[in-house]
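Input sequences plus hints: build the corresponding full structure.
Single-letter residue listing:
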Amino acid sequence: MKTLFIGGIKSGKSRLAEAYILEQASADKPYYLATNEVFDDEMQARIRVHQQRREDLFATIEEPVKLLEALQKCRGPVLVECVSMWLNNQLYHQIPEADILQELEAVLQLTCDMVLVHNEVGLSVIADNRLARQFVDLSGKAAQLMGQHCDQVFFCSAGLKMKMK
Amino acid sequence: MKTLFIGGIKSGKSRLAEAYILEQASADKPYYLATNEVFDDEMQARIRVHQQRREDLFATIEEPVKLLEALQKCRGPVLVECVSMWLNNQLYHQIPEADILQELEAVLQLTCDMVLVHNEVGLSVIADNRLARQFVDLSGKAAQLMGQHCDQVFFCSAGLKMKMK
Amino acid sequence: MKTLFIGGIKSGKSRLAEAYILEQASADKPYYLATNEVFDDEMQARIRVHQQRREDLFATIEEPVKLLEALQKCRGPVLVECVSMWLNNQLYHQIPEADILQELEAVLQLTCDMVLVHNEVGLSVIADNRLARQFVDLSGKAAQLMGQHCDQVFFCSAGLKMKMK
Numbered sequence: 001m002k003t004l005f006i007g008g009i010k011s012g013k014s015r016l017a018e019a020y021i022l023e024q025a026s027a028d029k030p031y032y033l034a035t036n037e038v039f040d041d042e043m044q045a046r047i048r049v050h051q052q053r054r055e056d057l058f059a060t061i062e063e064p065v066k067l068l069e070a071l072q073k074c075r076g077p078v079l080v081e082c083v084s085m086w087l088n089n090q091l092y093h094q095i096p097e098a099d100i101l102q103e104l105e106a107v108l109q110l111t112c113d114m115v116l117v118h119n120e121v122g123l124s125v126i127a128d129n130r131l132a133r134q135f136v137d138l139s140g141k142a143a144q145l146m147g148q149h150c151d152q153v154f155f156c157s158a159g160l161k162m163k164m165k
Numbered sequence: 001m002k003t004l005f006i007g008g009i010k011s012g013k014s015r016l017a018e019a020y021i022l023e024q025a026s027a028d029k030p031y032y033l034a035t036n037e038v039f040d041d042e043m044q045a046r047i048r049v050h051q052q053r054r055e056d057l058f059a060t061i062e063e064p065v066k067l068l069e070a071l072q073k074c075r076g077p078v079l080v081e082c083v084s085m086w087l088n089n090q091l092y093h094q095i096p097e098a099d100i101l102q103e104l105e106a107v108l109q110l111t112c113d114m115v116l117v118h119n120e121v122g123l124s125v126i127a128d129n130r131l132a133r134q135f136v137d138l139s140g141k142a143a144q145l146m147g148q149h150c151d152q153v154f155f156c157s158a159g160l161k162m163k164m165k
Numbered sequence: 001m002k003t004l005f006i007g008g009i010k011s012g013k014s015r016l017a018e019a020y021i022l023e024q025a026s027a028d029k030p031y032y033l034a035t036n037e038v039f040d041d042e043m044q045a046r047i048r049v050h051q052q053r054r055e056d057l058f059a060t061i062e063e064p065v066k067l068l069e070a071l072q073k074c075r076g077p078v079l080v081e082c083v084s085m086w087l088n089n090q091l092y093h094q095i096p097e098a099d100i101l102q103e104l105e106a107v108l109q110l111t112c113d114m115v116l117v118h119n120e121v122g123l124s125v126i127a128d129n130r131l132a133r134q135f136v137d138l139s140g141k142a143a144q145l146m147g148q149h150c151d152q153v154f155f156c157s158a159g160l161k162m163k164m165k
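Protein chains in written order, with UniProt numbering: chain A, 1 to 165; chain B, 1 to 165; chain C, 1 to 165.
Each statement offered as a hint is correct.
Note that the list lumps identical chains together, so a pair holds whenever it fits in one copy or between two copies.
Taking lysine-lysine and the DSS-like style, the derived pairs with C-alpha atoms no more than 30 Å apart in a straight line are:
#1 2 to 29
#2 165 to 73
#3 141 to 165
#4 2 to 66
#5 73 to 29
#6 163 to 29
#7 2 to 141
#8 2 to 73
#9 165 to 66
#10 165 to 2
#11 66 to 29
#12 163 to 2
#13 141 to 163
#14 73 to 141
FYI, nobody ran anything at the bench for these hints, they're computed from the structure.
Spelled out as structure tokens, the structure:
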């Protein structure tokens, strides 16, 4: 079973995804695959907030780049938090788009239960700079891939979720 | 009863919220709490359009900053138009984020019927400038607070609403 | 019957709209009204991807500006791909907003079956530059007009659609 929580910045998608996987995986401690790579202080502060929330509830794995490899080691339900940051890291490390999407497709074919968190970033005017446009495109393609392979998809806003699939 | 209409710029959320509160409060004239603070001509023009639409239908109160104080005086259903602008004004007046969210929480605990209008601003890439990022974060936290306390939440696009809660 | 598919960049709205019209118009080849005007290589590359997908399935008409005139000639179901680009072209050619919206309203009163694709661009902070703000406003007004006149409206994200109307 694969479930996607997609939404905007501070839409509550991470909290909703965490609550969901904890409810599902009542007995076992689920894995928490954190994809954040720390670039600056602002990001560090954000990460700390997330970390405090998940202490004791999850078995945390930190892996900003090699998502498939890290997930192959998980022996139980896993929360991927978040796909957007992983895409961002891949672009930063100059991985070609086709390779990124191929890795994501392989991830989605793993048999373990998975809850994925992803930012919807395309509901605005086209960005001024080429890198942002590239990211928006890749992000949307990744979202479509997840939308196709996931059994359930929730669109999040205001801390609430709407079922799309 | 508290109801939130959340949506994008020109999504029709204000019209939908106005129509909704007028339908609910059939006998009484509801209050219209306008939070706009006029910064420039473009904003003045926008406000005028809103004003023309609400004449005779609402008892208008203009209060850009002291939301709780203004709402405590209302003796009937009130439309808060809009929370985003109030957040913006609070930031402009350098009110700390925690204080803003605390005031919003107090607002949501008032007993009067309330319809709140709010912009969803997080469905895009992360903004270039720090002030915009700060606003997006605050806006999302406020939206989550409203999503939690409101009895009904509608997501708006294309002049239509989808029920989230 | 008029149907609107609204969503973000790379939300899958075009694919969903194409699949929908092809399913509806099972016997006849539907028209494909392409509104793209080629401004640069990046856009040319995007258009080519769309063209490859629709070969043999549609009778393509390319018309970046005179939408009403082009649609009046269609004798069967037509996919308008997309309204956002047409709005953009109209602004580029300095057509006043009122005239654009009037033409769109006339389009929506044509009797032929129509599937319209449109970008939701307002779910972000207000843009820095005036042209972008003007576009976001016009786009939202156009979306509201379509939301009002269409029989069905779908909001798209992650390659999936949610029915709004």
